[in-house]
Amino acid sequence: MLAVAFTNPLYMVGLAGAALPILIHLLTRDRVQRVTFPSLRFFVRTARASLVRRRFEEVLLIALRCALCAMLAVAFANPLLAKKDQAQQLGPNSRSRVLLVDRSASVRRQPVRDAWREALASLAESVDPKTRTAVIAFDSGTEVLAGFDASPEQVRSSLERLAPGYGSSDLVGALRKARDLIEKERTATREIVLLSDLPRRGWERYRGDWRLPPGVKLTVRELSGVSADNVRIVETSLTNSQAVQAGDSRFGVRVVNDGPAELQDMKVSLILGGEVAETRAVSLPAGGAATARFRRKLREGDNPGVLRIGREDANPLDNERYFNVAVQPRIRVMILNGHPSPVARRDAAFFVKTALSVGEAGWFDVRVLDAADADAGAVRKVDVVVLADVTAVGESVRRALDDVLQRGGGLLFLPGAHVDGEAFSRNFGDLAPCGLREVIEPTGTAAPARLGKVATDHAALKVFGKPRHGNFATIRFHRYWEVTRSQTARVLARFQDGRPALLEKRRGDGVAMMSLTPGDLTWTDFPQRTLFLPYIRELVRYLGARRQEQSTLTVGQKLPDGKVVGPDGKELAAGAAVAEVPGIYRIRMPEGGDRHVAVNVDPAEFDTRAVQPEEIVEALRPTEAERQEARGARAGLDHTGLWIWILLLFSCLTVAELAMANRTVRH
Amino acid sequence: MATSRYLDFDVLASIDNMELLAQTVVEGFLLGLHRSPFRGFSVEFAEYRQYTPGDEVRFVDWRVYARSDRFYVKQYEEETNLACHLLVDASASMGFRGPDSPMSKLDYASSLAACLAYFMMRQRDSVSLTIFDSEIRTSMPARQRHSHLQHILAALENCQAGNVTNVAAPMHELAEGLKRRGMVILISDLLDDPAAVLSALQHFRFQGHDVLALHVMDRAELLLDYDRMTEFVDSESGEKLLVSPAAVRASYMDELQRFLSAYEKGAARVRVDYKLFDTKTPLELALSEYLHKRSKRA
Chain A
1 MLAVAFTNPL
11 YMVGLAGAAL
21 PILIHLLTRD
31 RVQRVTFPSL
41 RFFVRTARAS
51 LVRRRFEEVL
61 LIALRCALCA
71 MLAVAFANPL
81 LAKKDQAQQL
91 GPNSRSRVLL
101 VDRSASVRRQ
111 PVRDAWREAL
121 ASLAESVDPK
131 TRTAVIAFDS
141 GTEVLAGFDA
151 SPEQVRSSLE
161 RLAPGYGSSD
171 LVGALRKARD
181 LIEKERTATR
191 EIVLLSDLPR
201 RGWERYRGDW
211 RLPPGVKLTV
221 RELSGVSADN
231 VRIVETSLTN
241 SQAVQAGDSR
251 FGVRVVNDGP
261 AELQDMKVSL
271 ILGGEVAETR
281 AVSLPAGGAA
291 TARFRRKLRE
301 GDNPGVLRIG
311 REDANPLDNE
321 RYFNVAVQPR
331 IRVMILNGHP
341 SPVARRDAAF
351 FVKTALSVGE
361 AGWFDVRVLD
371 AADADAGAVR
381 KVDVVVLADV
391 TAVGESVRRA
401 LDDVLQRGGG
411 LLFLPGAHVD
421 GEAFSRNFGD
431 LAPCGLREVI
441 EPTGTAAPAR
451 LGKVATDHAA
461 LKVFGKPRHG
471 NFATIRFHRY
481 WEVTRSQTAR
491 VLARFQDGRP
501 ALLEKRRGDG
511 VAMMSLTPGD
521 LTWTDFPQRT
531 LFLPYIRELV
541 RYLGARRQEQ
551 STLTVGQKLP
561 DGKVVGPDGK
571 ELAAGAAVAE
581 VPGIYRIRMP
591 EGGDRHVAVN
601 VDPAEFDTRA
611 VQPEEIVEAL
621 RPTEAERQEA
631 RGARAGLDHT
641 GLWIWILLLF
651 SCLTVAELAM
661 ANRTVRH
Chain B
1 MATSRYLDFD
11 VLASIDNMEL
21 LAQTVVEGFL
31 LGLHRSPFRG
41 FSVEFAEYRQ
51 YTPGDEVRFV
61 DWRVYARSDR
71 FYVKQYEEET
81 NLACHLLVDA
91 SASMGFRGPD
101 SPMSKLDYAS
111 SLAACLAYFM
121 MRQRDSVSLT
131 IFDSEIRTSM
141 PARQRHSHLQ
151 HILAALENCQ
161 AGNVTNVAAP
171 MHELAEGLKR
181 RGMVILISDL
191 LDDPAAVLSA
201 LQHFRFQGHD
211 VLALHVMDRA
221 ELLLDYDRMT
231 EFVDSESGEK
241 LLVSPAAVRA
251 SYMDELQRFL
261 SAYEKGAARV
271 RVDYKLFDTK
281 TPLELALSEY
291 LHKRSKRA
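Sequence lines, in order, name chains A and B. Using the working numbering, you'd call the opening residue of the first sequence number 1 and step up by one each time. Using the working numbering, you'd call the opening residue of the second sequence number 1 and step up by one each time.
Some hints here could point you the wrong way.
Just some of the chain A residues that point at chain B, by a computed CB distance under 10 Å [what the hints assert, rightly or not]:
id, residue
1, V32
2, Q33
3, R34
4, C69
5, K177
Simulated from the structure, these hints should not be mistaken for laboratory data. The C-beta atom is built at its ideal place from N, Cα and C for all residues, glycine as well.
One chain only, chain A, in its complex shape (with noise of 0.2 Å):
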C-alpha cells in the first residue's frame, strides 16, 4: 500500500490558494451582453459546438490554474511518497519489543545471578500479545531464542529456558544483532531491552560506527551488585606454552582478593591429572593480590591441569583456571657456516648459536658445522637448518635441505657479505622465499637504514607487539640485500624505505624464511641488541615447533578437528567444534593419538567494572542528521526524484495553461 506523509505539513494550508484562480474567474469574467439580432441562421452550424468547446476550455484553464497553485503549496509540504508502512497497517499502537539477555558467565557470579533470574521473570510477564516479542541471549556470540512472530507462550518459555552460560560476553555484537532484527519491524512503537551487568570489557569494542534506527528505543535494566566476599585467579603463567623436555616447568598463579578482610593461609593448588600435584598457602590483604608459584617436571606430550582455590566464594568460576602444558623434546637446530672467522663480531653463525644456547634448559639442541663440512645425512636428521651468509652447498644437501622442509621442518637464511647473489639465487632456488638483486648501501639521510613496519600479528613474532617488547625502529643497518622473485614470499618485516627485510614462504609443510641481513656485525648493530636473542629464538623456535596447536582456549572458542570429548567424558555430538564451557578437552586427532586443550572462561568475564546504562543509551542514540535522513527512510521514498517529479508535472501544466491561456483569449 502506498501513502503520502509531508515533511511540511503546515504549508498544506497553502491549498486553499487552489481556490485563488476560481474567485479571480468569478471577479472578473465578462458580463453576458443580450443582443436582439436579426437571425441567428448564420450561427447554427458552429456556435453551440463552440460555446461547449469554450465552456471546456475554461473550465480546463480553471482546473489547470488551480492546479498548479494546489502543486506549489504540496511542493511546499515536501510530499513523501511511500509504501504504507507497517506501523499505519498495525494501527498507532503497535508495538514491537526485542528482549536482549545477557547470559555470558559475568552473570553466573553472585548477587547477579538473582537479579538476572527476577529480571527473567519479570520480563516473562511482562510478554503482552499485543506486542510483537523476539528474545535474543548473547554472550559471545547471539542465539534468537524467539522471533517476532513466536507466540507469548513461546516467548515466556525461551525466557524461563534461559540458563547464564560460561562464555564472554559481547554487548556490542548483542546490541548490533538486536538493531537488526528491530529495524525491520514497522510498528509504532519499537523498543530494545537489553538485560545485562553491562561489563565494560564487552562494551569496549563499540568505535561509534553505528546507532540504532530512529524510533528505537533503549531500555537498560542493569544487573548490578558486587559480592563483599570473592577470591580470583587474575592471572597465571605457563598455562599456554610448549615446555621442553629438560628442566622443570613453573607454575605461577597471582589471587586477588577482592573482600574486606584479609585472609590467612588460603590454599592454591596444582592439580595433574586429576590429582593434587602441590598446594601452596597464600596470605591475601583485603583487597590485595598474591601469587603462588610451583615448580614440577612434567613428562613428555600433553599435561593437563587446572590452578585451583581451595575456597567457596560468590564466584567459583573465578577460583580455577586450566591448562595443558604440551612438553615437546627440544629443537634440533644445525647452523651453518659460510663463512667462519676467529673474529666473533664477523662470524657468521656466532651471534646466532649464542643466542640458541642461552639458558638452563634450553629449547635447542644446536649444532654449528662449516657449510662446506655439511653433511646431507646430518642436515636430514635436524629440525631447522640455519643458513648464515651461505652462498651454495652441494646437490645432496640441497635436496637434504629440501626433505626437511617437506617434513615440516625449516631454513632460516642470513646471506651476509660473503654471498654471490646470483649463485644464491640460482643454487637455492624454490628453497629460499627470494633471490637476491644486489646489495643496498643507504647513504644521506637514509643511513642507516632501519626497519619500517613489522607483522607482529604473525605467530613468529606475536610476541613483539606487546607494549614494550621491543623496538625494531632503534636497529640501524648499514646494508642490506635487495631481493628478487619475491612474488610468492611473505614479506614479515620491511625496511623504512619499503624494501622487504624478512620474509617467508611454506614449501611442503615446512616453513623457509631469509633475513636480508647476516646474524654478525659487519653490516649491521643488530646482533649486538637484547633484541636479537629473542628474535632469533621465536623465528627458530617458529620454524621448529610452530606445528604444535594451542593449547589452551578460551570458552566459544573453535575446538580443534577430530572427536571431542567433554570435561565431563561425554563425547561431544558431531560439528559441536566450540568449546561451551570450561575444563578439560581430550581430542582424538584425525592422523592418530590424543591431545587434551584447556578451555577457561574469558578472564575479562571476571572484571567487575561495568559501563553506565546512559553511556550505552546516549552512544547509541541517533543523530539528529539521521533523524531527519530517517523520516525520508522511514517512508521509503526518494526525496530528490519525487522533487523532479513534481518540477516537471509543474513546468509541464505551466506550458499546458499558457499555451491554453492563449488560445481562450484569442477566442
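Given the structure of chain A, go ahead and fit chain B onto it with the hints provided.
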C-alpha cells in the same frame, strides 16, 4: 471624400421629417450631378441645340442638316409615365440597429424609399409603395401627384418593424396584382430562403418588370464585431444563443458569404439588379442605382 460628396449620416439621422430628409438627399444629389447625362436621354423631344464639338454624333438631326446645312443636336424631355413600385420590408429583423449604426435597417430602408420616391416624383414617374412583413401591411397604388408623395412619406415615417420575415409570399401576391409594367425596387434584408425570394423576384421579371433588389444589412451583421460573450436573441423567433463572437466569427462569416453569394448569383441568373447596402452606405448611391436602371430601360 464621403463627407464632401455625400450627406453626413449623423445629420440625416437627426432629420425627423421624411420629406425634408428626402428633399435634402435628392437636392444634394442633383446638385452634384451638374450636367446630368441622363437628362438628354429622355424619350420626349424638347428642343434643338447647335452642335458643338464634343456632342455625340448620334444625336445630330440629319434631316435638319439636310434642310439647313447646319448641325443641330436634339434634346429630349425625360419620361414621366414610368410606374415605379417600392417594396419595403418591415419585418422584425429590419428593426435591428447595430451598436455603431446611425439608424436601424428599417429606418435606413424607409429613408431610402423616401429618397427614391421623392426623386421619382421629380422625374415625373408614378410611385407606388408596399410595406410588408409576413404579409402586405400597407399598399399604395402608383400615382404621380404631390399629395401621393406626402402619403408615401407619411407611411414610411410611421412604419414600424413587425412580424417575421416572409419576403416571397407578399411579393408573389403583389406580382399578381401589378398589371402595368414598370420598375420594382425591393428594399429588404432578405432574411428568407434565397431560392424563394429569387423565385418571387423572377415572378416580377416574368411580368415584364425591371427589378432592383436593394439588400440592406447592418454593419454589425456583416462583421459580427462583438467582443464579449453575447447572448444573441433572434428578433423574429425569439431563440437565444450564447456564443463567443470571436470563436464563431470565422464560421459566421463563411455562412454569411454563402448567403450573400446565393443572392448575388441568383439575382444575376434571373436578371435582377442586386445591390448590397449597409446602413452606412450613402443614400445617394441608391438614387444612382435607380438612374442607372432607368437609363437602361430607356
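Quick rundown of the hints versus the structure:
1. V32: holds (5 Å)
2. Q33: For Q33 of chain A, the interface hint holds, since the closest Cβ of chain B sits about 5 Å away, which is under 10 Å.
3. R34: holds (5 Å)
4. C69: With Cβ-Cβ at 25 Å, over 10 Å, it is violated.
5. K177: Interface hint status for K177 of chain A: violated (73 Å vs cutoff 10 Å).
Of the hints listed earlier, those the structure fails to meet are numbers 4 and 5, in rising order.
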